Amino acid sequence: MTAGMHEFLYKIPGITDGYRPGAHRSRSRGAGMAFAGHARLFDYPDPRRIDLHASLSSLHGEWLVRTSQQRSAVVIKVVVDVSASMHFGASTSKLEVVADFLLALGYSAHRAGDSVGLMAFDHEFREDLYMPARSGRGIGNAMAATVRASTAGNAPGSLQGLSECIDRIAGSGGLVFLVSDFHYSLDGLATVLDKLGDLLVVPLVVWDKAEIEPPAEGGLLSVRDAESGRIRRLWLRDELQRQWRDKVARRRDELGALFAASDMRSFYIEGGFDAEALSKYFLEHVV
Amino acid sequence: MPPVDFAIPQLLALLPMALLPLLRRRRDSLPFPWIGWLPRDPVGRLLHLTWQLIAMLTLGFIILGLAMPGRSETRIERIGRGAEISILMDRSSSMDATIRRNAPKLGEQAQPSQSKNDAVRKTLSWLLDQRPQNRFALTLFNTAPIRVAPFSDDVALVQAGLNASDIGRGSNETNMGLGLMAAIDGFNGRSYTGSRAILLVSDGGARLDDDLRLRIQRGLKRNRISLYFIYIQSSPNSPNLELVGTDADASLEEVALHVFFANLDSEYRVFQADDPESMAAAIVEIDQLQNLPLTYYERVPRVDYSRACFIAALSCCIFLAGLTATRLERLA
Numbered sequence: 001m002t003a004g005m006h007e008f009l010y011k012i013p014g015i016t017d018g019y020r021p022g023a024h025r026s027r028s029r030g031a032g033m034a035f036a037g038h039a040r041l042f043d044y045p046d047p048r049r050i051d052l053h054a055s056l057s058s059l060h061g062e063w064l065v066r067t068s069q070q071r072s073a074v075v076i077k078v079v080v081d082v083s084a085s086m087h088f089g090a091s092t093s094k095l096e097v098v099a100d101f102l103l104a105l106g107y108s109a110h111r112a113g114d115s116v117g118l119m120a121f122d123h124e125f126r127e128d129l130y131m132p133a134r135s136g137r138g139i140g141n142a143m144a145a146t147v148r149a150s151t152a153g154n155a156p157g158s159l160q161g162l163s164e165c166i167d168r169i170a171g172s173g174g175l176v177f178l179v180s181d182f183h184y185s186l187d188g189l190a191t192v193l194d195k196l197g198d199l200l201v202v203p204l205v206v207w208d209k210a211e212i213e214p215p216a217e218g219g220l221l222s223v224r225d226a227e228s229g230r231i232r233r234l235w236l237r238d239e240l241q242r243q244w245r246d247k248v249a250r251r252r253d254e255l256g257a258l259f260a261a262s263d264m265r266s267f268y269i270e271g272g273f274d275a276e277a278l279s280k281y282f283l284e285h286v287v
Numbered sequence: 288m289p290p291v292d293f294a295i296p297q298l299l300a301l302l303p304m305a306l307l308p309l310l311r312r313r314r315d316s317l318p319f320p321w322i323g324w325l326p327r328d329p330v331g332r333l334l335h336l337t338w339q340l341i342a343m344l345t346l347g348f349i350i351l352g353l354a355m356p357g358r359s360e361t362r363i364e365r366i367g368r369g370a371e372i373s374i375l376m377d378r379s380s381s382m383d384a385t386i387r388r389n390a391p392k393l394g395e396q397a398q399p400s401q402s403k404n405d406a407v408r409k410t411l412s413w414l415l416d417q418r419p420q421n422r423f424a425l426t427l428f429n430t431a432p433i434r435v436a437p438f439s440d441d442v443a444l445v446q447a448g449l450n451a452s453d454i455g456r457g458s459n460e461t462n463m464g465l466g467l468m469a470a471i472d473g474f475n476g477r478s479y480t481g482s483r484a485i486l487l488v489s490d491g492g493a494r495l496d497d498d499l500r501l502r503i504q505r506g507l508k509r510n511r512i513s514l515y516f517i518y519i520q521s522s523p524n525s526p527n528l529e530l531v532g533t534d535a536d537a538s539l540e541e542v543a544l545h546v547f548f549a550n551l552d553s554e555y556r557v558f559q560a561d562d563p564e565s566m567a568a569a570i571v572e573i574d575q576l577q578n579l580p581l582t583y584y585e586r587v588p589r590v591d592y593s594r595a596c597f598i599a600a601l602s603c604c605i606f607l608a609g610l611t612a613t614r615l616e617r618l619a
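Chains R and X are the protein sequences, given in the same order.
With the numbering used here applied, the first sequence corresponds to residues 1 to 287, in that order.
With the numbering used here applied, the second sequence corresponds to residues 288 to 619, in that order.
Since the hints were derived computationally from the structure, they do not count as laboratory data.
Possibly wrong hints are sitting among the right ones.
Just some of the chain R residues that point at chain X, by a computed CB distance under 8 Å [to be verified]:
#1 219
#2 236
#3 240
#4 248
Restraint ranges, calculated between C-beta atoms of paired labels, are given here [what the hints assert, rightly or not]:
#5 595/X / 209/R: 58 to 64 Å
#6 597/X / 209/R: 42 to 48 Å
#7 314/X / 283/R: 35 to 41 Å
Bear in mind the structure is a predicted one, so any value in this text is a computation, not a measurement.
Glycine included, every Cβ here is placed at the ideal spot set by N, Cα and C.
Given these sequences and hints, build the entire structure.
What follows is the structure in structure tokens.
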């Protein structure tokens with residue numbers, strides 16, 4: 001499978017601040033199709049763009065040139081949860097799915113001319129997995145490899161780690177992907193998300209089929225929490241399967257409400273990464 | 288009853304190993320990202336506790352079994368009543384031969400062919416069934432006496448010895464004198480509590496030398512033993528000893544023996560084995576003699592409980608296997 005097959009389209013609402021030429025609307029003047037205004041030839045010495053009609057009607061009798069708005073590139077940041085729970089997965093681990101996403105993102109961003117940076121956290125910011133934003137063809141592969149190589153350990157994910165990451169990107173513009181399974185206490189998540197008010201934040205909720213859907217057959221099930229190590233033993237039957245599904249649904253509602261309050265909309269990755277679905281998400285929900 | 292003890296008590300030092308199932312192993316549980324999603328389940332907890340308990344019991348039973356618990360060999364007091372009968376049975380090769388019978392008369396069914404040994408065992412089994420409260424001993428003889436069972440009121444023991452005499456073939460030689468002496472010596476050192484009898488079962492006679500005759504005579508008299516000779520006729524031509532007097536011609540071995548016995552001071556009767564009425568008469572006769580209660584000790588061999596322990600451990604294992612079969616090995 002080539003990276004091209006996983007490409008997804010994204011866009012950013014409004015006008016961005018980027019100066020590098022790219023694909024998004026921005027305030028920068030430069031080569032572009034959208035008319036921005038007139039400027040004195042003295043200020044923009046580009047005689048090819050002299051607007052005769054405007055010059056003639058100029059009050060000061062100056063030569064005026066047309067200026068246009070340049071489309072700019074943005075900086076994309078990916079914040080990835082690499083806690084022990086993200087290493088879980090019945091067939092492929094959730095981090096493998098995240099790596100697929102990063103590959104696709106790298107390819108898509110390269111096509112749009114945007115740069116991508118990676119930040120990872122578990123219970124704290126992971127300095128060793130940090131990749132500053134850069135643009136280039138292989139950036140997706142590099143990020144995927146970094147995430148795949150992260151060790152399993154039993155470090156718990158926490159809001160503290162997420163908060164440390166967000167503190168580093170708050171205030172800058174652009175697009176942020178928050179990739180996590182959100183398997184930690186959500187108290188205070190709203191406060192943390194508020195710091196990202198001026199960015200477009202896409203929360204990617206990564207869950208595995210095995211954790212949201214109970215096994216079809218009943219029986220004795222003994223599970224160990226990947227992070228806390230607590231053990232729970234169940235005699236799996238219809239009643240418990242229903243309770244299990246109820247709890248997943250409740251968590252979904254809880255997360256949905258939290259993100260909605262911060263004007264975000266979560267995108268669920270359950271099982272495998274579907275680039276087309278993500279394109280659809282941007283088309284439908286990002287105006 | 289003696290207390291339970293262990294043949295290899297050192298192995299009990301391994302008993303703390305029975306606590307091993309209390310340890311948690313990573314292999315026993317599947318990893319899960321967010322345990323908050325799983326409801327608490329008292330049934331699951333209970334099943335796990337049961338599993339731990341049964342696994343501990345299994346290990347405990349195995350270690351106990353290896354230490355071989357049991358009740359040591361002991362002697363128990365028994366009170367018996369009735370006559371003491373020592374069965375002295377011929378186990379020479381001639382006893383394996385079939386009994387030859389008269390040709391059937393006109394209109395009569397031919398009698399089934401039967402080996403002498405079979406006939407005797409049938410008769411003696413019947414005797415044992417009739418008198419379960421008597422104490423019996425069993426001695427076989429051919430070239431040498433074989434003490435099979437000492438005096439006991441355990442009829443099953445004697446019966447088992449009797450059944451075992453059916454196996455294999457006997458030796459050609461017969462040394463009745465040694466057999467008789469062995470049976471007589473069996474009474475030595477026992478207090479006289481009831482009438483004593485030797486039941487000599489044989490199909491032939493024996494020439495006994497004078498020395499042996501004297502010893503047999505003295506032995507029977509000293510121990511006050513009555514002698515009952517159950518004679519098996521090999522063929523219609525064998526002499527009918529019940530009809531032979533004490534002054535008969537002693538050129539035949541059987542007759543010579545019969546005459547010797549008959550001339551002893553001790554009580555003596557001869558019976559034909561194929562004649563149940565005469566056997567019954569013999570029993571009644573023995574019974575009429577004095578019967579005193581007798582206290583004697585019986586040796587009870589060590590009772591081993593390790594087998595029971597292993598069976599218990601095995602059933603525990605089966606339960607554990609059943610429980611494990613219901614365990615889910617993977618999610619989704």
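Right, here's what the structure says about each hint:
{"no.": "1", "hint": "219", "in the structure": "5 Å, holds"}
{"no.": "2", "hint": "236", "in the structure": "7 Å, holds"}
{"no.": "3", "hint": "240", "in the structure": "6 Å, holds"}
{"no.": "4", "hint": "248", "in the structure": "6 Å, holds"}
{"no.": "5", "hint": "595/X / 209/R: 58 to 64 Å", "in the structure": "50 Å, violated"}
{"no.": "6", "hint": "597/X / 209/R: 42 to 48 Å", "in the structure": "46 Å, holds"}
{"no.": "7", "hint": "314/X / 283/R: 35 to 41 Å", "in the structure": "47 Å, violated"}
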